[in-house]
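Hey, can you work out the whole structure from these sequences and the hints?
Line by line, the protein sequences give chains D and S. So in this note's numbering, spot 150 of the first sequence is number 150, and the numbers just go up one at a time. So in this note's numbering, spot 205 of the second sequence is number 424, and the numbers just go up one at a time.
None of these hints come from the bench; they were simulated from the model. A virtual CB, placed ideally from N, CA and C, is assigned to each residue, including glycine. Hints may be right or wrong, so weigh each one.
[What the hints assert, rightly or not] Stretch-level coverage of chain S by chain D, calculated; a stretch enters the list once three of its residues show a Cβ under 8 Å from a Cβ in chain D:
1. 290-299
2. 308-322
3. 367-375
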Amino acid sequence: MNDFTTWDILRNLLLAARWTVLLSIVSFVGGSLVGVALLFARIGKGRLGPAFAKTYIELFQGTPLLMQLFLAFFGLGLFGIDVPAWLAAAVALILWTAAFLAEIWRGCVESVAKGQWEASSSLGMGYLQQMRWVILPQALRVAVPPTVGFSVQVVKGTALTSIIGFVELSKAGTMVTNATFEPFTVYGFVALIYFCLCWPLSKSSQILERKLNVAHRNH
Amino acid sequence: MSLIEITEVKKRFGDNEVLKGINIDVEPGEVIAIIGKSGSGKSTLLRCINGLETIDDGSISVAGAQLLPDELHLKALRLKVGMIFQGFNLFPHLTAGRNVMLSQMVVKKTPKAEAEVMAKKMLERVGLGHKFDAYPDQLSGGQQQRVAIARALAMQPIALLCDEITSALDPELVNEVLAVVKELASEGMTLLMVTHEMRFARDVCSRVVFMHQGRVHEIGPPEEVFANPKTPELKQFLGVTH
Numbered sequence: 001m002n003d004f005t006t007w008d009i010l011r012n013l014l015l016a017a018r019w020t021v022l023l024s025i026v027s028f029v030g031g032s033l034v035g036v037a038l039l040f041a042r043i044g045k046g047r048l049g050p051a052f053a054k055t056y057i058e059l060f061q062g063t064p065l066l067m068q069l070f071l072a073f074f075g076l077g078l079f080g081i082d083v084p085a086w087l088a089a090a091v092a093l094i095l096w097t098a099a100f101l102a103e104i105w106r107g108c109v110e111s112v113a114k115g116q117w118e119a120s121s122s123l124g125m126g127y128l129q130q131m132r133w134v135i136l137p138q139a140l141r142v143a144v145p146p147t148v149g150f151s152v153q154v155v156k157g158t159a160l161t162s163i164i165g166f167v168e169l170s171k172a173g174t175m176v177t178n179a180t181f182e183p184f185t186v187y188g189f190v191a192l193i194y195f196c197l198c199w200p201l202s203k204s205s206q207i208l209e210r211k212l213n214v215a216h217r218n219h
Numbered sequence: 220m221s222l223i224e225i226t227e228v229k230k231r232f233g234d235n236e237v238l239k240g241i242n243i244d245v246e247p248g249e250v251i252a253i254i255g256k257s258g259s260g261k262s263t264l265l266r267c268i269n270g271l272e273t274i275d276d277g278s279i280s281v282a283g284a285q286l287l288p289d290e291l292h293l294k295a296l297r298l299k300v301g302m303i304f305q306g307f308n309l310f311p312h313l314t315a316g317r318n319v320m321l322s323q324m325v326v327k328k329t330p331k332a333e334a335e336v337m338a339k340k341m342l343e344r345v346g347l348g349h350k351f352d353a354y355p356d357q358l359s360g361g362q363q364q365r366v367a368i369a370r371a372l373a374m375q376p377i378a379l380l381c382d383e384i385t386s387a388l389d390p391e392l393v394n395e396v397l398a399v400v401k402e403l404a405s406e407g408m409t410l411l412m413v414t415h416e417m418r419f420a421r422d423v424c425s426r427v428v429f430m431h432q433g434r435v436h437e438i439g440p441p442e443e444v445f446a447n448p449k450t451p452e453l454k455q456f457l458g459v460t461h
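Encoded structure:
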């Protein structure tokens with residue numbers, strides 16, 4: 001009765017992997033935008049901004065991504081709002097990514113020496129000018145490797161969205177297994193595809209780290 | 220009217236009162252050395268004049284304008300008063316020339332070509348015209364500090380604050396920086412410098428301020444302060460034993 005070829009399995013998984021890639025990109029880009037806003041709130045001078053951003057970051061870092069997905073998917077449903085799985089998945093992943101990126105970037109901004117703030121202040125620059133011309137260009141160099149490194153976490157995080165019924169690579173793996181009864185082959189392929197997505201990212205993070213360090217020393 | 224008027228300035232960090240009522244008036248063209256033990260409040264005083272620290276009491280005015288802690292007033296003040304730091308604080312991601320150009324373009328909105336001409340001129344003035352395209356980490360400490368001076372000068376301040384600007388330098392590099400400062404002094408720039416270079420203070424400065432425990436303990440022309448210290452604290456600081 002088993003008339004699925006290996007190619008059938010792989011082909012279906014690869015088709016589903018497109019959604020994993022798309023969801024990863026959406027989460028990462030959306031998370032970056034929200035993350036920048038959070039970053040500015042977090043390191044700003046006011047009282048409300050930093051308090052809000054800090055609470056936000058602590059909440060999202062202190063709860064499992066799976067719970068956040070459940071809350072986005074089922075929570076809104078309680079209020080009679082029908083949330084499709086893809087929307088819940090994207091929103092939860094964007095908010096989750098933003099929390100982590102904001103915290104990574106805060107560390108990078110704070111790693112810029114205090115003297116840089118003082119020197120630019122004493123030259124008459126305002127806060128935004130200091131940020132734009134002095135602080136962020138230096139923080140950016142520090143930020144690139146950990147940011148690329150974190151994108152690996154985002155790719156792997158998308159696997160959890162299978163639980164709320166979004167059909168990406170992991171969910172497709174389950175579905176194909178149910179049809180073929182070959183879990184080892186199927187999940188082996190699933191793992192391999194994840195690895196092919198993540199490994200280049202990890203590797204490029206390492207290469208960037210080395211490159212930017214060298215660039216920093218010799219320009 | 221004095222150029223810089225410091226009146227009854229007090230500053231505390233928590234329970235620690237660092238400045239306990241400072242009064243100094245600086246005339247245009249004066250070169251003032253502030254000396255004293257570490258912890259006597261001399262760097263804090265300098266940082267207060269530039270608004271890097273807020274004062275708790277008293278007043279500071281520069282060329283008639285009061286120092287107020289909002290961004291608009293601070294910016295106006297900082298356009299008049301430049302500051303040079305012990306650690307140079309050049310922007311490491313920009314070349315020497317760009318370091319000097321940046322604040323002109325960003326703060327004063329000077330067109331790029333004009334800022335570049337000014338930067339070249341100022342780097343020439345500190346003897347580093349040929350280092351326009353060098354990055355800070357390709358320069359020696361003394362050269363970096365001279366770029367920092369050029370950067371401050373490019374904003375055309377009426378006074379410069381120098382916070383131990385030779386303390387982080389190797390001994391053989393101290394003189395090249397002091398030579399630039401001496402040159403500025405002879406051109407009539409108003410200078411307030413915290414320094415440990417006693418010989419320089421004696422040779423170049425018009426007045427010496429000795430600070431002790433947050434107060435101006437002695438003040439006067441260098442011949443007087445160095446040759447004839449009145450208080451036991453200054454005598455001890457100068458290593459004079461009578």
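Hint check:
By the rule of at least three residues with a Cβ nearer than 8 Å to a Cβ of chain D, the coverage given for the stretch 290-299 of chain S holds, with 5 such residues. Three residues within the 8 Å Cβ limit are the bar, and the stretch 308-322 of chain S against chain D gives 7, so the coverage statement holds. Remark: the stretch 367-375 of chain S is confirmed as covered by chain D, as 4 of its residues place a Cβ nearer than 8 Å to a Cβ of that chain, reaching the required three.
Hint check: no violations occur; every hint is consistent with the structure.
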